[in-house]
Amino acid sequence: MKTTHRLKLAGSVLLVTLSAHVYAQSAASEPASGPTAAAKAQYQESKSQYKAAKAANRALAKKVRNALVKDMGVNANTVTVRAHDGAVVLQGSVPEASQSDRATEVAKGVTGVKSVKNALSVHPAGGS
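Numbered per mature numbering (1 follows the signal peptide of the UniProt record, and there is no 0), the sequence shown spans residues -24 to -1, 1 to 104.
Hints listed in this document are in silico derivations from the structure and should not be mistaken for laboratory results.
Possibly wrong hints are sitting among the right ones.
DMTMM-like, lysine to aspartate or glutamate: derived pairs with alpha carbons at most 25 Å apart [as the list claims (entries may be wrong)]:
1) LYS46 with GLU21
2) LYS46 with ASP77
3) LYS27 with GLU72
4) LYS23 with ASP47
5) LYS90 with ASP77
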């Protein structure tokens, strides 16, 4: 009786040992799931570069907007300024064509501006 019990126990131990060995081999051969550390680092760097570029674009647009507001030759109440990598776009309307031209010149004079696209329309004050 004791011999039978010992044989069953030895067989069970052998079975568990072999199955653990087989599982370890199959688990090692499977590719790792999820992003690698290098991919995560690259993502974080890309994300921080995007945020920095976005902040720089907002800062440049704000500088141009402030320059337009300070200039007495431009009514900047209805002018929107957009910036992307030094390229500035002026949108909205002004009451006179001379103000549209002046807005372009003021924007070109701001440090960091590489190009200016004037998309301003002229709508005389009080007109429809």
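List in ascending order the numbers of the hints, as given earlier, that are violated by the structure. Hints 1, 3 and 4 are the ones this structure does not satisfy, whereas the remaining hints hold.
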